[in-house]
Structure formats: structure tokens, C-alpha cells
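Since the structure of chain Y is already known, use the hints to place chain F on it.
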Amino acid sequence: MSEPAIVAEDLTYRYGDLLAVDHISFTVAPGEILGFLGPNGAGKSTTVKMLTGQLRPASGRALLLGIDVARHPKQVQARIGVCFEQPNLYEELSGVDNLSLFAKLFGVRDVDINALLRRVGLDGRGADLVGRYSKGMKQRLMIARALVNRPDILFLDEPTEGLDPTSAEAIRRVILEEQQRGATIFLTTHDMYEADRLCNRVAFINSGKIVALDTPHHLKQQYGKRMVRAEVVGSDGKLLTREIILDRPETPAEIADLLAHQQVVTLHSEEATLEDIFIRLTGRGLA
Amino acid sequence: MSLRRILALLYREAVQGPKNFIFIFTIVVPLGLSLALGLIFGTFFSGKPRLGIVDPGASRLTQLAEAMPGLIVRRYASEAELRDATANGAVDVGLLVSADFDQRVLSGQSGSLTVYVWGESLLRDRVLIGTAIADWLRELAGHEPPVTIVTTMLGANNDLTWQQRLLPLLVLMTVVFGALMLPASSLVSEKQRRTLHALLVTPATRAEIYVAKGVLGVALSTVMALLVLALNGAWSSQIWLVLLVLFLGAVLSAEFGILLGVLVSDINSLFATVKALGLLLYAPALIALFPMIPQWIAQFFPTFYMVDPVIAIVQRGATLPDITGQLAVLGVMIVALAGALRVARER
Numbered sequence: 001m002s003e004p005a006i007v008a009e010d011l012t013y014r015y016g017d018l019l020a021v022d023h024i025s026f027t028v029a030p031g032e033i034l035g036f037l038g039p040n041g042a043g044k045s046t047t048v049k050m051l052t053g054q055l056r057p058a059s060g061r062a063l064l065l066g067i068d069v070a071r072h073p074k075q076v077q078a079r080i081g082v083c084f085e086q087p088n089l090y091e092e093l094s095g096v097d098n099l100s101l102f103a104k105l106f107g108v109r110d111v112d113i114n115a116l117l118r119r120v121g122l123d124g125r126g127a128d129l130v131g132r133y134s135k136g137m138k139q140r141l142m143i144a145r146a147l148v149n150r151p152d153i154l155f156l157d158e159p160t161e162g163l164d165p166t167s168a169e170a171i172r173r174v175i176l177e178e179q180q181r182g183a184t185i186f187l188t189t190h191d192m193y194e195a196d197r198l199c200n201r202v203a204f205i206n207s208g209k210i211v212a213l214d215t216p217h218h219l220k221q222q223y224g225k226r227m228v229r230a231e232v233v234g235s236d237g238k239l240l241t242r243e244i245i246l247d248r249p250e251t252p253a254e255i256a257d258l259l260a261h262q263q264v265v266t267l268h269s270e271e272a273t274l275e276d277i278f279i280r281l282t283g284r285g286l287a
Numbered sequence: 001m002s003l004r005r006i007l008a009l010l011y012r013e014a015v016q017g018p019k020n021f022i023f024i025f026t027i028v029v030p031l032g033l034s035l036a037l038g039l040i041f042g043t044f045f046s047g048k049p050r051l052g053i054v055d056p057g058a059s060r061l062t063q064l065a066e067a068m069p070g071l072i073v074r075r076y077a078s079e080a081e082l083r084d085a086t087a088n089g090a091v092d093v094g095l096l097v098s099a100d101f102d103q104r105v106l107s108g109q110s111g112s113l114t115v116y117v118w119g120e121s122l123l124r125d126r127v128l129i130g131t132a133i134a135d136w137l138r139e140l141a142g143h144e145p146p147v148t149i150v151t152t153m154l155g156a157n158n159d160l161t162w163q164q165r166l167l168p169l170l171v172l173m174t175v176v177f178g179a180l181m182l183p184a185s186s187l188v189s190e191k192q193r194r195t196l197h198a199l200l201v202t203p204a205t206r207a208e209i210y211v212a213k214g215v216l217g218v219a220l221s222t223v224m225a226l227l228v229l230a231l232n233g234a235w236s237s238q239i240w241l242v243l244l245v246l247f248l249g250a251v252l253s254a255e256f257g258i259l260l261g262v263l264v265s266d267i268n269s270l271f272a273t274v275k276a277l278g279l280l281l282y283a284p285a286l287i288a289l290f291p292m293i294p295q296w297i298a299q300f301f302p303t304f305y306m307v308d309p310v311i312a313i314v315q316r317g318a319t320l321p322d323i324t325g326q327l328a329v330l331g332v333m334i335v336a337l338a339g340a341l342r343v344a345r346e347r
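First to last, the sequence lines map onto chains Y and F.
Per this note's numbering, the first sequence starts with residue 1, numbered consecutively.
Per this note's numbering, the second sequence starts with residue 1, numbered consecutively.
The shape of chain Y in the complex, shown without the other chains:
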């Protein structure tokens, strides 16, 4: 079995008295997309900063591609790409100049900047100053910047937040392309739909601790309730909702009773969403 792309061992970080990340451990396999989910202040960004060498852990260690991040941050950073949540581009420079600068910093000579811009849907806009870009365009340029060195590991922090559906979809497509190329992707997001759709596994972090880490399918099986939701006409003529939990001995009888004695308007099977599971595990939402 190949060596994990990311290994976090007992990672801990404190801001003064606040324990922001509390002894978390996990691994991410090469080529895997790991979703890192949690509400604001849960410790997601601090974890990413430790993994990318921006912060030194108070204790524990992080290995990326077998390299100790705290000891050799620049070796690690040469092989990763980071896309930040907030736009942090040089707005007085053009899109091409932004990418050229970072290509030079990474020592990449053979990068085709126009092809990169085309990939994120910015072809024809590379010569424009970034200050004139829309939010979606800036976000797509940030993705392009994170890809300039063909990273082995890609860290994406809320890459589609606040974007129009077209821009968001373009970014999701690039993420999947990068996975196909062989890159490992560490995706921080609030978007449960995105996590469910893109991630091989998701980790829930709350108050600095990982409370669950598994594939979305297993998490739903383990923590979610499968049910049938029906809309029926009540005795007063109004629509009522009935929920029947599946996988119990009495379930067949309850469904038979529903169909025999109620006027059913709609009938749907439902499974729990990742957000439902997060709320169940932590008692709080993701917002």
C-alpha cells in the first residue's frame, strides 16, 4: 500500500488559552479528496495552516508526502498548491502577470499560462488587471494560481463559496480533473452538497476535535436514518406529513397501513444529509 499523502499525528494548536486544534490525527491517501467540514471557529483553517507550514504545531506533527512540514516547510510548499478562501491576488497586475510571478517563485518554466487560464474559464481575460475581475473570476484565478506548479497536494479553502452556479461548477470540474491527474485534495467547505459529491471521505471537526471521519456513504449508514416521507390528506382536508423510519421490524406493517388507510399524495424515500449527521454528532449546525 502506498504511503499516505498527508499524515496528521496528534496535531495541536493554541491561541493563548484557546485550544484551537485539539490533538487531531488522520491520514489522506494519494489521489483522495478529503472534505474537512465544520462550523466557523471549529479549527479548520488552523489545521490547514499547520498542514501547509504557515503555523508550527504546539505539539504533534504533520507529514506531507513523507516530509515533516514543521521541519522542512519550504520543501513541502514547493509541492503543494493552496487556494485561500479570501481573494489574495495582486490586483494591480494582470491575471497573466499574477500567474507568471508564482510560476517563477515555484521555479516552473514550462507552464502554459494561457492553457491554465482556459481551464478555469478565464481565456481572453488574462491581460486584464485583476482589480477589474468579478469575485467568481478572482476565485477561478486563485485556483489557477494553486495549480501553477502542478501540485501533488491541493488545499482548497471554500473554493466555491459565494460563487454563481456556473463558476462553482467550473471549479468543481477542475477539482475532479486534478484528482484524475493524481493530486490529493484537501477540501475545506461548508457546502454539504459539494462535499457529498466530490469527497471520497469527509472529516467533521468541531471545537478543535475530529468527531467523525469516513466516506459520506458510511457516515449516512452509521449515523443517518433512512425513512419514507409521505404527504397525506388529513380528515380536515389539509395536507399532513408522515415519516416512517425504515429498517425496523414494524416498518412493513406501518407502510401497508399508510397505503391502505390514508389518501397518499406524495411518497418519497429519504436518507440523512451530511448536515443532519453533523448536527446529530455535535448538536450544532455548520453555518
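These aren't lab readings, by the way, just hints derived from the structure by calculation.
Where hints are given, some of them may not hold.
[To be verified] Straight-line Cα separation of at most 30 Å, DSS-like style, residue types lysine-lysine; simulated pairs: (1) 191(F) to 74(Y); (2) 191(F) to 135(Y); (3) 19(F) to 191(F); (4) 49(Y) to 275(F); (5) 19(F) to 135(Y).
[To be verified] Simulated coverage check for chain Y against chain F, where a stretch passes if three residues somewhere in it have a Cβ under 8 Å from a Cβ of chain F: (6) 45 to 55; (7) 70 to 82; (8) 85 to 92; (9) 104 to 110.
Using N, Cα and C, we set each Cβ at its ideal position, and we do this for glycine too.
What follows is chain F alone, placed relative to chain Y:
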């Protein structure tokens, strides 16, 4: 440290620099002040040195002086008029030639010349006229004649003109504003716009980022300081020594600027800090403006060691051995600040 990465970062600084108002200030303010001072104190467009002559015996010296294209010659009827003209600054140098001067020199006897010097005249003008008088005497006699020159200073009893006394302030403003504020503001701006985070997750190190920012500030302020010296008539024959001192001063300022950039979180705080430190930074130049203040007080301020050696070279003709001690102090401060930066960059 990678030169390639530093050059890439420096290129970005240079491309973005001219859009930065501090960059524009670094160029415009010293030049503007130099021009203004030149206009106010009348030396910038004064052009040729002015020589006043009293010559009752129609000396050949006067003919030679009037034939010299780079000199304005004014004749006066009496010694009293010449003294008044010199004391009032109508001429830079007044020359009293006795009626029998040519005859004495040509017959091999010793002669004497009385020279009055206006106290606020430029050193450049004094030297030029002095050299010219020595040439005329050789031409008159055909050899080095035995002539005694009696010199009297007239007018303001100061060795330095106001323009010369303002020079330390101009040099400090140029070096400190450019080399300190350019890297400091650039670093703070990168922090505020979070572009620094983007740079720091590349192979570029903090040291490379700081060097790129510092180099632009040092280069621009050193060039501007040289220009300021030239515009203020303080160009020295020891230009390489002046350049060395300006360069070291700019390096110290840039280090301090980067340290401020590391410690300060936003551009308003940076300006507030520099404003608060202004008196400390400019104190040596302010002390030099007022000769009644004991000048040794200036030595307690770090910027004294970047400006005083420059002034010593261009105004007092100091050489390397004269300023070695000050350069050593400057060197120690540069090393100490580099150490402080090393500690601060771990923050």
C-alpha cells in the same frame, strides 16, 4: 536564498512601485525641496561665481578675470565699496589690487593681495575664484610669484549657508523616507491584502521577500540622495565614499522599515508609528540647523551615523579615516537590526 526568486519578487515591486504614492513621494519631495531651497537661497540658478575688483593701477589680473567666461566680474571704485558689496553678498569674493602690484611682481619683488570673502558664499565658488587667482598670478609673472594673500571673511559670520545647513535634513528625508517607508508600506500592504500569505506558501522565504522589498528602497533612496547632493551643490570628489555611506544608511533604514512592517498590522498604524518616531529619526538634522544647540547631542540618535559622515565628506572634506568610527557604529547597527529582524520574522 534564491537570487531567481528575489529577482522575481523585485520585478513585481518595481512594476507596482510607481503606482505607490510613497514611491512618488520619495522621488518628488527631495527634488521639489532641493529646487525650492535653490530658488529661496538663490544658489540653484545663480550659476557663475561673482568677483568684485578694486584696481586703481589697471592690473593685468583684472583683464584676465574679465576674459574668463565662467566668472562675473564687477569693478568697484574704492575698498570701502568693495567691502560693502562683499559683506552684502553682491559678490562672492572681493579682490583689492594695489596700484603698483603688476610692477612689483614683474620686477621680482613680493606683492600682496587683499581678498574679502562673503561668509555665505558657496565653497565651490570660493575654490573656483581662488584657483583662478593663482592661475592669473602665474600668467602675470610667468612663474610662481612671491605674493602674500590676506583673506578676510565678511558678511554673515557662519561657515555654512542655510542651504548647506538644510542639507542633512534633505539627505535624511530622502534616505529615511525612501528606504524605510517603501519596504515598510509594501510589507504592511501585503499583510493587509493577504498576498503575503500566498507568497509564504510558495518556496519563497520571508528573507527573500524582505530582501526584494529592501533592495528597491535602498536603490531608489541612494540614487535620490546622490541627486539631492548634486542639486544642492554638494557633489564631492570622493563620490564612492559618499555612495558607500548613503548605501549603508539606506540599508539600515530599510532594515528598520521591514522591522516596522513586520510589527505593524495596517498602513494607518505604520504612518502613526513613523510620525511618532519622526523627531528621533530627524533629530540630527534638526540639531544641525541650529548651531546654538550643542552639536554633540546629535550623536545620541542612530540616524546621526548615516547623515553626519555624508555631510562631513561633502562639506568638510572628510576622508575615510575621518569617518571610520561612524561607519563602524553604522555597521554595528546594521548587524543588530538584522538580528532583530531574524527574531521578528519568526513571529
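Next item on the list: Run the structure past the numbered hints and jot down the numbers of the failing ones, going up.
Entry: Of the numbered hints given earlier, the structure breaks just one, which is hint 4.
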